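**Q** Quick mapping for you: the protein sequence lines, in order, are chains A and B. Quick note on the numbering used here: the first sequence kicks off at 1 and runs consecutively. Quick note on the numbering used here: the second sequence kicks off at 1 and runs consecutively.
Hints in this document: simulated from the structure, not taken from any laboratory. Since the model is a prediction, treat every value here as computed from it, not as a measurement. The beta carbon of each residue, even a glycine, is placed where N, CA and C say it ideally should be. The reader is advised that the hints may include incorrect statements.
[Unchecked claim] Derived SDA-like pairs: lysine to any residue, alpha-carbon spacing no greater than 25 Å straight-line:
id : chain 1 : residue 1 : chain 2 : residue 2
1  : B       : K49       : A       : V180
2  : B       : K49       : A       : N179
3  : A       : K38       : B       : D160
4  : B       : K130      : A       : N179
[Said to hold, decoys possible] Anything over 12 Å on all C-beta distances counts as not near chain A; from chain B, calculated:
id : residue
5  : S27
6  : D32
7  : S137
8  : L174
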Amino acid sequence: MIDKLFTYLEFPFVRYAVIVGVLIALCSSLLGVTLVLKRFSFIGDGLSHVAFGAMAVASVTGLSNNMLIVLPITLIAAVLLLRSGQNTKIKGDAAIAMISVTSLAFGYLLMNIFSASSNLSGDVCSTLFGSTSILTLRSFDVNLCIVLSVIVLIVFVVFYNRIFAVTFDENFARATGTNVSLYNLIIAVTIATIIVLAMNLVGSLLISALVIFPALSAMRIFGGFKAVTVFSAVSSVICALLGMLISILFGTPVGSTIVAMDALMFLICCMIGKIGGRG
Amino acid sequence: MSTDLIVCENVTLGYEGNAVVENLNFSLIEGDHLYILGENGSGKSTLIKSMLGLNPVMSGEIKWCGGLKPTQIGYLPQQTSIQKDFPALVEEIVLSGCLNRIRFRPFYGSKERSVAKSNMERLGITDLSKRCYRELSGGQQQRVLLARALCATSKVLLLDEPVTGLDPMATADLYSLIEELNKSGITVVMISHDIEAAVKYAKHILHISENIFFGTTEEYVKSGQGKMYLNVREEKELDR
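Let's have the full structure, built from the sequences with the hints guiding it.
**A** Below, the structure written as structure tokens:
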């Protein structure tokens, strides 16, 4: 079995997949705590559907590079969603639901009308579940992914204390002179970037799992923000690696295997938490 | 003669063009213990925001004097639902009060850590510093947030209904703690419904309703407005 693994790892596309998978898992876990606690769990879902719509536009217009159109559109949607969160005419969750179903429907409609390939449901399925796209990455995608992940990591580390303050108590942070809207904007842009990156790995339906599960698992065991953040990053990377290895060895779909690993990790953490007297 | 820290002159407060409070005049002097009373919807929250410099006044002027900036007011907001299950250590939360001290640096230095440490000592929560915030009792949580507020200020604390949801023991405990802080030289502004506590602890009272009262506690007890509210309370007690 180990031999088989090493044979596979000799293929560059498998190595690409592993590198990208680990980076995405790392980035997506970082803002999980913030998202769960700010009741933004579904912004991931909403944005991923926007990204699905954008991807449909990209594939219909026959653009060779999906990322270049998907990323800006998703970023704009993230900023708009956040704006609408402050303006109470349409409440945050309703706005997310509205944008997400609209782009889902619109994307599918586009793909259906202007279908470029003969295997429409296959295309849709792979965008929704990310079944194969991570194994078809080209070096440009890999480089873009590495650059964006590094930027996300740096932004997170540099603004760590501010993100904590803004998440824990927006009112206090604002009152003591922190520019809360700026940091909320930074958080939104970072999230949008992560979502677009993660769509390659698990597809747009399973993204929330990648963002939310590591944070929830970590919160079962740990009580400190730093500990929770570090543990969710570690557990996310472990789950992604395990999931990818299993899917390579047994031919299971990559995205769902990783999410299954995340769910398993959550169960284990629940049990540890129960024994340890938390949760 | 004590120095003024915040002066409100002929202030009209409101939002979206609707005035909530008109002709508000009061001043906060150094070392004061001011209670701001008033029913829900009377404009207390709007006044807090304006005192913190977050909400522009519709007319009149709020002046911050004596070297006080609006961002140097130690604010204790009402607890939000997010905080109830937030995974954070006590020391992480207290330290976050130092955010306005580090300006453009990304991380806290040893100076901020020692400020946080001394404020935890001051409020007697040093032994809780490695505990998880969500596992503390309501009274302990308020102490943590007070320590955080003290990290952000050395002069003024602004507390927004801090005893809400606390049991009588914890309430009494928190009141005496705030009284101690006030005696040690910190100016305290308290937003409250608790007239009894106001009469007991306050030096000045600002009562916002249709008639605005501002004066010392003695004056308040003798005033028509004060008598009315104190009588309501006594009648309620007789009913029990």
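**Q** Evaluate each hint against the coordinates.
**A** Now for the hints, and whether the structure bears them out:
no., hint, result
1, B/K49 / A/V180, "holds, 15 Å"
2, B/K49 / A/N179, "holds, 15 Å"
3, A/K38 / B/D160, "holds, 22 Å"
4, B/K130 / A/N179, "violated, 28 Å"
5, S27, "holds, 20 Å"
6, D32, "holds, 19 Å"
7, S137, "holds, 15 Å"
8, L174, "holds, 18 Å"
Hint 4 from the earlier list is the only one contradicted by this structure; the remaining hints agree with it.
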